[in-house]
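Got chain R sorted already, so can you dock chains H, D and W onto it with the hints?
Protein chains: 4
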Amino acid sequence: MRLDVTERGVFPIAPTPFHPDGGIDLDSIDRLTDFYGQVGATGLTVLGVMGEAPKLDHAEALDVAKRFIARAGRLPVIVGVSAPGFAAMGSLARSAMDAGAAGVMIAPPNTLRTDDQIAAYYRQASEAIGADVPFVIQDYPLNFTVVMTPAVIRRIVSENPACVMLKHEDWPGLEKISALRGFEADGSMRPIAILCGNGGLFLDFECERGADGAMTGYAFPDMLVDVVRLSTSGERDAAHDLFDAHLPLLRYEQQPGIGLAVRKYVMARRGLIASDAQRKPAGAMGGKAIAEVEYLLARLARHDPRAAVPAL
Amino acid sequence: MRLDVTERGVFPIAPTPFHPDGGIDLDSIDRLTDFYGQVGATGLTVLGVMGEAPKLDHAEALDVAKRFIARAGRLPVIVGVSAPGFAAMGSLARSAMDAGAAGVMIAPPNTLRTDDQIAAYYRQASEAIGADVPFVIQDYPLNFTVVMTPAVIRRIVSENPACVMLKHEDWPGLEKISALRGFEADGSMRPIAILCGNGGLFLDFECERGADGAMTGYAFPDMLVDVVRLSTSGERDAAHDLFDAHLPLLRYEQQPGIGLAVRKYVMARRGLIASDAQRKPAGAMGGKAIAEVEYLLARLARHDPRAAVPAL
Amino acid sequence: MRLDVTERGVFPIAPTPFHPDGGIDLDSIDRLTDFYGQVGATGLTVLGVMGEAPKLDHAEALDVAKRFIARAGRLPVIVGVSAPGFAAMGSLARSAMDAGAAGVMIAPPNTLRTDDQIAAYYRQASEAIGADVPFVIQDYPLNFTVVMTPAVIRRIVSENPACVMLKHEDWPGLEKISALRGFEADGSMRPIAILCGNGGLFLDFECERGADGAMTGYAFPDMLVDVVRLSTSGERDAAHDLFDAHLPLLRYEQQPGIGLAVRKYVMARRGLIASDAQRKPAGAMGGKAIAEVEYLLARLARHDPRAAVPAL
Amino acid sequence: MRLDVTERGVFPIAPTPFHPDGGIDLDSIDRLTDFYGQVGATGLTVLGVMGEAPKLDHAEALDVAKRFIARAGRLPVIVGVSAPGFAAMGSLARSAMDAGAAGVMIAPPNTLRTDDQIAAYYRQASEAIGADVPFVIQDYPLNFTVVMTPAVIRRIVSENPACVMLKHEDWPGLEKISALRGFEADGSMRPIAILCGNGGLFLDFECERGADGAMTGYAFPDMLVDVVRLSTSGERDAAHDLFDAHLPLLRYEQQPGIGLAVRKYVMARRGLIASDAQRKPAGAMGGKAIAEVEYLLARLARHDPRAAVPAL
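Chains as they are written, first to last, in the numbering used here: chain R, 15 to 326; chain H, 15 to 326; chain D, 15 to 326; chain W, 15 to 326.
Careful: at least some of the hints might be erroneous.
[To be verified] Sample of chain R residues facing chain W (criterion: CB under 10 Å; computed from the structure):
id : residue
1  : 66
2  : 67
3  : 97
4  : 125
5  : 138
6  : 141
7  : 293
[What the hints assert, rightly or not] Derived contacts from chain D toward chain R, CB cut-off under 7 Å, selection only:
id : residue
8  : 127
9  : 128
10 : 129
11 : 130
12 : 161
13 : 163
No lab work stands behind these hints, which were simulated from the structure alone. Beta carbons are placed, not taken as given, at the ideal position from N, Cα and C, and that holds for glycine.
With the rest of the complex left out, here is chain R (with noise of 0.2 Å):
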């Protein structure tokens, strides 16, 4: 199974489950990929910086990437292979393709400032993975610090066949969408699947631009599963209507530092995962932010059940 073109839907960015002494917590792993599966979710995503990865070393990494991989069955599985150098990059990704992943993503390190130099690292990089394997551009500059016009994606997707996917989530994205479905239409790029990230802030336009789903890690996937599913079958208010309802919460779980501990915390009190630990570096949720996370989820289960979780 690898990955291509054709992907779509949900891809949900999934964290790496702790136990409260740093141990991977190897059945939430099954349990989250199991509800991963249930709720629609297309494929799935592991390793990603919001995977903690930088926290694994190279055995237990790969050990998160096979078990997840394992219980995913036919949901093919991404994995994050970003990293300083193309022999690390590389050494991952081969070990990731040889235990079944269906592709792997990439980010630009922040030291990428020209349009060349952002071209000629994606044909290194194609080259350490291996020139079969599938890959997917993350373009997240508000992180990264590195400015990908449609041009240089197109230039990407031109100069490296195995570039399957986009990982939109350029900030603002809207017109990004537009401008890449635009050289698609005029036939000057190759049709990519485009998956949207950013936490989902504007995932309600992004699908209504031409994305084909969504690749991020809010803490309610089924949402984001239901989201997308409306709004490509044209019921263009109700899918506004469930988004602008989740709006509120995913926009606190969205804030940089704090956001994994939100995410893991509302996940661990809808009992995807066991425990919300983080490995350090980790931000902290303090009492005033539990109170009002708890505070959002149960203002948003009044229009979505689904965040009714059980009192404290």
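Leaving out everything else, chains H, D and W in the frame of chain R:
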């Protein structure tokens, strides 16, 4: 009238209205200023980044500030004086104060890194503008890449008697508000006013954390005023209900690059300014973006009649 | 007298001389300008970063520029007009040209990332200053974090007839000079003047690569003139011998933070300006640094009698 | 053998020698290590940025480190363990120490801004590698964009008993050395070893300011050893004479991007390594750059016979 630490409520960040030919629209300045007063703003801020200050030459900038100040009457006006050097900053600050400004706002240059550098900068800035000129710290790391810990803010407050207010737009920032209010509670920092920016994206909780209000430019400053009032008076659910209704549009307006275009578009649609024209360089809304904003306005109008604008 | 693509030789970056009390030292402006002419400079550049331009208010900046221009006589004067916005840039450029400047220099703001953004910026800048005003691109990525490939520079040159010169201070930059001269040779770019900055640290080889000279502020502009002359006339070893003798001091002067303090100290020791005073904020030389510079001057004086300054 | 605060002299930053086909050249590792010992190096550092560490996978990196360590005999070897996460850092540090390393070197990630963030990072890093593993702070703001004041370095030293050395490559940095030695003199910081980097560009004065030596990779480590020895023994003029003779080449080698290509080229010309091959991505020397380096070597050979390499 001098700005002091007792300021409360909402100081809208005023856009600079232009005619389509690029000229300054003085009538719209008057209309907008009147509107701010009518809806309960307690002050206003002009010549900020979102006021297109860098697109005005020195004489124009002063003219704009003077017009706002003259019309604002009893409302205190804060003038942004951030500049690449202390000479221009001091010159603009003196002119603004002479024209009747209540105080000035100073952002840190993006070259500052260490705690010592930040503290030294504000000491030198206060000396440059005059030790008696009340000033506001603008703490906006997402834009300026300068990160101020609560302890550094305390140090600036301690070292500069003229520092009376924090424009808080760190992200995430809720814990920072709590930390600063904690410093006041334990006696290690004298009280200052804290007004929140960041487009208002977290205003609902910022008030609950102890902020005194908002200083931001969302196209519905009347909503900001209502949320601050409701929150302050203990009507928590009502505050969140109103805020949540606006959140989809507010989030849309907060996009970097085209945020100001959206803001001016909505303000023009509301009749607060005559034209949404910006001077160059300007992010522009395409047809799809306009349709999206119209859709958001229509949805909002179901909850808040102030969003019911005439058909296009 | 307008700057054009035939400029050659050395345009010193002139410091702005101050009295110890912070006032502008007009007599030293005259003396310094005379010196530049006497030693063979072919022009000069004022109000650059090293001219402490941000520490001058608008009126002072114009006064300084006018004084230099008036005294320079037949020597063309370039005025730095980099500014946070096009309004201030345009205003300063018009004033400078009215006062007799030969052209202006424009650095890119550090927010630019993509090739398209850089090209767009220079198009808008040229429009803002007037399409007939000759301008110099300042390409200094170490300071501005904006990286321009040779192809982007070619694009700026192609799109802006008024672009006549490159102030080259990329690092490393020798290959860039060769690439640009290659563009001229293959007909893909019209010829422009290339003067090199970076404190002169690579001037010996820059001339050999095809640069037309130097635009930098080293305290011995007479050495820069000699090296460019010797190199141009084919006296390679002599050019390197002189350059190498100065390199220990030149390197010392090029340190960020205190470089200008060293430069002004040496210029004052040489009698070119009356005082080494800087306006705040200023890096200062401690006693050890002064002793180090004196030692370097003494060593240099064994090779170049111009470094033999009177005892302290 | 554990690194401690009494280290002195020169620890060359060793390049990783490759065969032209990209394989690791173990024989050249041995030859190079022998050379370091013969010319008086007091230790060496491997797997730094200039050792192309990111281009080695985990197993290769360990192999390289082990080969250097085995050959180095009595010379202490420092292993670079900077990594995007503490898991990989801890894993590499344990492996290196097990293989006989004397200590490790840790650079700060470029996301750190505030004093508190920097101090917290080193506390967590020391915990990750083991509180008993001696470590070196790499203070290189030009490359990492992290600015550490002398007070922050003092704080790291105070909070981490295992911190034994500073690799000093701030720029400018002479005053920082004086400040740190001042802290030791006034009793506010325990003594640490300070070895200087930055390509050796200021080594002449760094020794005079109190540095204990150099840790850098200039292609003539024998010159570095001589300069440190001459400077330490009070032969100031002789130290500067030798240093100045090398400065034109040293400066040329210090260029970002192609510096390592120049270094390996000269080392291969001297016979210290068999090939100047780098793994991709690599800056390459064109024909003009090669001719320039040959010219610099020929000029240097007039003063230092060690630069007299066989004709090409």
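Double-check residue 130 of chain D for me: the hint is only fine if its C-beta lies closer than 7 Å to a C-beta in chain R.
-> Hint holds; residue 130 of chain D Cβ to chain R Cβ min 6 Å, cut 7 Å.
Double-check residue 129 of chain D for me: the hint is only fine if its C-beta lies closer than 7 Å to a C-beta in chain R.
-> holds (5 Å)
Do the numbers back the hint for residue 161 of chain D, that is, is its least Cβ distance to chain R under 7 Å?
-> Constraint on residue 161 of chain D satisfied, holds at 4 Å.
Taking 10 Å as the limit, does the beta-carbon of residue 67 of chain R come near enough to a beta-carbon in chain W?
-> holds (7 Å)
With 10 Å as the cut and Cβ atoms as the points, is residue 293 of chain R at the interface with chain W?
-> holds (8 Å)
Closest C-beta approach of residue 66 of chain R to chain W relative to 10 Å, hint status | Hint on residue 66 of chain R: holds, closest Cβ of chain W at ~8 Å, below 10 Å.
Is the hint on residue 97 of chain R kept, meaning its closest Cβ partner in chain W is under 10 Å away?
-> holds (8 Å)
Evaluation of the interface hint that places residue 127 of chain D against chain R, nearest CB under 7 Å | holds (4 Å)
Is the hint on residue 141 of chain R kept, meaning its closest Cβ partner in chain W is under 10 Å away?
-> With Cβ-Cβ at 8 Å, under 10 Å, it holds.
Please verify that hint: residue 138 of chain R, Cβ, nearest Cβ of chain W, below 10 Å or not.
-> At 6 Å from the nearest chain W Cβ, residue 138 of chain R passes the 10 Å test, so the hint holds.
Minimum beta-carbon distance criterion (7 Å), residue 128 of chain D to chain R | holds (5 Å)
Going by Cβ atoms only, is residue 125 of chain R closer than 10 Å to chain W?
-> holds (9 Å)
Hint check: no violations occur; every hint is consistent with the structure.
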